[in-house]
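Visitor: Protein chains in written order, with the working numbering: chain P, 1 to 116; chain G, 1 to 116; chain U, 1 to 116; chain D, 1 to 116.
It is possible that some hints are incorrect.
Chain copies aren't distinguished; within one or between two, either way the pair holds.
Stated by the list, open to error - SDA-like, lysine to any residue: derived pairs with alpha carbons at most 25 Å apart:
#1 LYS94 with GLU17
#2 LYS82 with SER13
#3 LYS94 with ILE43
#4 LYS64 with GLU105
#5 LYS6 with SER60
Quick caveat, the hints were computed from the structure, so don't treat them as lab data.
On a predicted model such as this, the values are computed, not experimentally measured, just so you know.
Each chain is listed here by its residues.
4 protein chains.
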Amino acid sequence: MIDNQKLAAALRSFAAERAWDQFHTPKNLATSISIEAAELLEIFQWSRGQQEWDEVADPSIRSKVEEELADILLYIIRFADKSGIDLERAAERKIAANAVKYPAERFRGSDRKYDE
Amino acid sequence: MIDNQKLAAALRSFAAERAWDQFHTPKNLATSISIEAAELLEIFQWSRGQQEWDEVADPSIRSKVEEELADILLYIIRFADKSGIDLERAAERKIAANAVKYPAERFRGSDRKYDE
Amino acid sequence: MIDNQKLAAALRSFAAERAWDQFHTPKNLATSISIEAAELLEIFQWSRGQQEWDEVADPSIRSKVEEELADILLYIIRFADKSGIDLERAAERKIAANAVKYPAERFRGSDRKYDE
Amino acid sequence: MIDNQKLAAALRSFAAERAWDQFHTPKNLATSISIEAAELLEIFQWSRGQQEWDEVADPSIRSKVEEELADILLYIIRFADKSGIDLERAAERKIAANAVKYPAERFRGSDRKYDE
């Protein structure tokens, strides 16, 4: 369980205590999510073939991954909080929409989606 | 509350039913998070000055934002699930680390962080 | 004049001398361009309103900007070289296509493009 | 040869004819480069292993790649033009700096750079 209300409240206090709310515009938060996403991607920048999941188990890689995922999560919680969006509901809707968009019987064993 | 275990399980079934697990390498999921983050950013690409939060309240912008935030959330939940990372704990650790890194009394009313 | 043939040849030698050609797959180079683009963006991450061009004239900002632009340019020259794409011709075509897509008389003084 | 002065002049006229110069702030152009970079990356989003260069030779992939590379090139030329940066010189400096940073004898046949 991710207690996003509690995390959002912590981020709200954090920003208020530093008077940083003024920096948290939609464009700046969206920018920040992109930057953190690129930092996650950088961990896998030069992999030949593909690094597999057991490589992520390496403690030094794992702790970097953990940190970048946390940064991204915190920024999307902050973005959702500032804009009054219910993340849980948005995620559930999206899963339901994807089930309609990609019917299992049609896409099973196929990478068609990935070529479109 | 974001029930990330339930969402992770739904994503697991979703991938299994379509035999898409093979595509969900660390690099591909990190790539996907960056792509979705850029789609969120695109909503604010050309804003002069900064679009403010009341503009995000516009229903057509809001529903795009909601969708992109959901995509990002689902991909980080999937990434965390594949790598056995506890997102809730990672987020709490990160907030604690930030409190140490940016002491309120030193950064209050200042944008020094942003210039460093 | 950007002598992209000369720069491409220099990058080719650089990779050959280090046996790095094996890392320069399409996906890895595309990943690298995204990462460098995010580093450029990071310079403007927290700007309130928008930093204007005179702020980029600040020597420390300017030298960071210069470095990130160079990184991006070198990676797209490398990508074009590996895939046999003529960048000059591609850029000219794109300008011509944009002139058709956004007729001046229809878009003049309007930010419609930016709202679409 | 990429005639960046000619391309910069074309972009200048293009923006002037549409009164779009006002949108071309440093942050907006940096944002645009990131978005175009993500569109290039999207072409390779789901590749298992790595797509190789002969796959980029496929006409439909190639034409998308060409378009995204052109977009990125045009935006960095525009960014350099607005900030008075000499791209050719920046690229030459960067190659020289990389030669110092990664001595061939130390990095040859090694992917150490990529693990750092």
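Visitor: Each hint needs a verdict: does it hold in this structure or not?
Guide: Verification of the supplied hints:
1. LYS94 with GLU17: between (35 Å within a copy, 17 Å between copies)
2. LYS82 with SER13: Answer is within; shortest intra-copy Cα gap is 13 Å, inter-copy 32 Å.
3. LYS94 with ILE43: Intra 28 Å, inter 18 Å, cutoff 25 Å: inter-copy only.
4. LYS64 with GLU105: neither (38 Å within a copy, 28 Å between copies)
5. LYS6 with SER60: For LYS6 and SER60, neither the intra-copy (29 Å) nor the inter-copy (28 Å) Cα distance is at most 25 Å.
In this structure, the earlier hints numbered 4, 5 are contradicted, and the remaining ones agree with it.
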